[in-house]
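A.B. asks: The hints should help you fit chain E onto chain U, whose structure is shown.
Note that the protein sequences, when read in sequence, are chains U and E. The opening position of the first sequence corresponds to residue 1 in full-length UniProt numbering, with each subsequent residue numbered one higher. The opening position of the second sequence corresponds to residue 1 in full-length UniProt numbering, with each subsequent residue numbered one higher.
Calculated directly from the structure, the hints in this document are not laboratory data. This structure is a prediction, so every number in the text was calculated from the model and none was measured. Wrong hints could be hidden among the right ones.
If chains are identical, the list can't say which one is meant, so a pair holds when it fits in one copy or spans any two.
[Stated by the list, open to error] DSSO-like, lysine-lysine: derived pairs with alpha carbons at most 27 Å apart: (1) Lys113 <-> Lys208; (2) Lys90 <-> Lys113; (3) Lys74 <-> Lys132; (4) Lys40 <-> Lys91; (5) Lys224 <-> Lys145; (6) Lys132 <-> Lys90; (7) Lys91 <-> Lys113; (8) Lys132 <-> Lys33; (9) Lys132 <-> Lys91; (10) Lys109 <-> Lys40; (11) Lys208 <-> Lys74.
Read off the chains here:
Protein chains: 2
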Amino acid sequence: MKNVKLTIEYDGTNFYGWQRQKYGRTVQEEIEKALKKIIKKEVKINGSGRTDAGVHALGQVANFEEEFSIPVEKIPVALNSVLPDDIAIKKAVEVSKDFHARYSAVGKKYIYKIYNGPLRSPLLRNYTYFVKDYLNKEDMKKATKFFIGEHDFKGFMASGSQVKDTVRTIYDLSIEEQDCIIRIEVKGNGFLYNMVRIIAGTLVDIGKGKINIEDLSEIIQSCKRERAGHTAPPQGLYLAEVYYEKTIIP
Amino acid sequence: MKNVKLTIEYDGTNFYGWQRQKYGRTVQEEIEKALKKIIKKEVKINGSGRTDAGVHALGQVANFEEEFSIPVEKIPVALNSVLPDDIAIKKAVEVSKDFHARYSAVGKKYIYKIYNGPLRSPLLRNYTYFVKDYLNKEDMKKATKFFIGEHDFKGFMASGSQVKDTVRTIYDLSIEEQDCIIRIEVKGNGFLYNMVRIIAGTLVDIGKGKINIEDLSEIIQSCKRERAGHTAPPQGLYLAEVYYEKTIIP
Chain U
1 MKNVKLTIEY DGTNFYGWQR QKYGRTVQEE IEKALKKIIK KEVKINGSGR TDAGVHALGQ
61 VANFEEEFSI PVEKIPVALN SVLPDDIAIK KAVEVSKDFH ARYSAVGKKY IYKIYNGPLR
121 SPLLRNYTYF VKDYLNKEDM KKATKFFIGE HDFKGFMASG SQVKDTVRTI YDLSIEEQDC
181 IIRIEVKGNG FLYNMVRIIA GTLVDIGKGK INIEDLSEII QSCKRERAGH TAPPQGLYLA
241 EVYYEKTIIP
Chain E
1 MKNVKLTIEY DGTNFYGWQR QKYGRTVQEE IEKALKKIIK KEVKINGSGR TDAGVHALGQ
61 VANFEEEFSI PVEKIPVALN SVLPDDIAIK KAVEVSKDFH ARYSAVGKKY IYKIYNGPLR
121 SPLLRNYTYF VKDYLNKEDM KKATKFFIGE HDFKGFMASG SQVKDTVRTI YDLSIEEQDC
181 IIRIEVKGNG FLYNMVRIIA GTLVDIGKGK INIEDLSEII QSCKRERAGH TAPPQGLYLA
241 EVYYEKTIIP
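One chain only, chain U, in its complex shape (with noise of 0.2 Å):
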């Protein structure tokens, strides 16, 4: 029995995002179709977390254990010949037993990508989120440390999620601006229901005026969604990197 763990990139926008369900095309079926193709055998993958519909992954891992004969550096190819031509295996490397790809994830990078913009962008339309009012970018990355450490950050989860241990910690959350593009990176040891979305949406509200920086940290403390910001859309939200390794925590 071998345990292959997979390093996927994929373009979320024709997807409703990565988990198997009844109806609409999902990255897990795509690739497990694939994986039948190839191996001959009905395998089921563990992915390291969901991604909503539109959400997309430079590196996203998912891993499955199987018996096959193809040598696991092949896989990739194989995969790709077959796949769709929105998602990609961008590696495959044999992993030990105990290795599963959610349960062993120590961290994760996100990135989120906004055009700031006089109008909208045909060519960017499903790859960043448009956002056409000023925004005041220094306000913006004054605001980062305020979320890097170790958080309650129930008040930036989805409402209605049932996950009880709400506290996460933000290793690391910049800001870079080029040719009216801002691109927000974000490290942590985990991320609740649309985490990352939310922050974005927080920090574009401040870049709006609509928050204060004073506020922040009264915000985050209070753990109530409705003082945080608005959801930022997911055609923004790229998961960029999944962590295995402890030595990757600063």
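C.D. replies: This is chain E only, laid out in the frame that chain U set:
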């Protein structure tokens, strides 16, 4: 009667190109349909030139002549509210009676993007030409100078094209690279059918060592399509700007 110049961005992925045709969705048709909704009249727009299926535009230009009451500066917002999200009007200005998007044009700028990485990228698939093989970028850069200037580009025109005068002037051709993306920028007084894509394909063939730089001058002079490189695919091509001022010419 007003004459209006429109500057247009579009994502060419889901279009059968610019020009209105019997079957298949086109950019021209969508803009004409949107204009009809806004000014309640059947309007024909003149594009600066056609673009093929899959080709994008950052600055396509079109004009139309019509009587209407809505202020010209409000046209972009009005049109964008009814246009599909893969087309946007970036600008509308009233121009003199004799302005024609195609016949008044004195030059164009195109961008061609190549993704030179080890594996196909789902996120870049519709916006770049994926080239897996090693490309000698220094050779590609050295090759650019042979294209600059006035040449008979007959060998860099799709075979079957009926244009008689195949002499064109390239003012500038440059190559930049960043993170596996090779960005070719070319400005000229006009371009033959598929000319930019054949120049891009020829540069790729030079990068691969399939065509020698030493032969390039003679290949251009030969005026033979079969001596030039392959036609690079449409999705890497962007019509970036159309020039109407003689002053842009260096």
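A.B. asks: All the hints need checking, so say for each whether the structure fits it.
C.D. replies: Going down the list of hints, with the structure as the test:
| no. | hint | verdict |
| --- | --- | --- |
| 1 | Lys113 <-> Lys208 | within (16 Å within a copy, 34 Å between copies) |
| 2 | Lys90 <-> Lys113 | both (22 Å within a copy, 21 Å between copies) |
| 3 | Lys74 <-> Lys132 | between (46 Å within a copy, 17 Å between copies) |
| 4 | Lys40 <-> Lys91 | within (20 Å within a copy, 55 Å between copies) |
| 5 | Lys224 <-> Lys145 | within (20 Å within a copy, 62 Å between copies) |
| 6 | Lys132 <-> Lys90 | between (35 Å within a copy, 13 Å between copies) |
| 7 | Lys91 <-> Lys113 | both (25 Å within a copy, 25 Å between copies) |
| 8 | Lys132 <-> Lys33 | between (41 Å within a copy, 26 Å between copies) |
| 9 | Lys132 <-> Lys91 | between (38 Å within a copy, 16 Å between copies) |
| 10 | Lys109 <-> Lys40 | neither (34 Å within a copy, 50 Å between copies) |
| 11 | Lys208 <-> Lys74 | between (49 Å within a copy, 25 Å between copies) |
Hint 10 from the list above is the single one not met by this structure.
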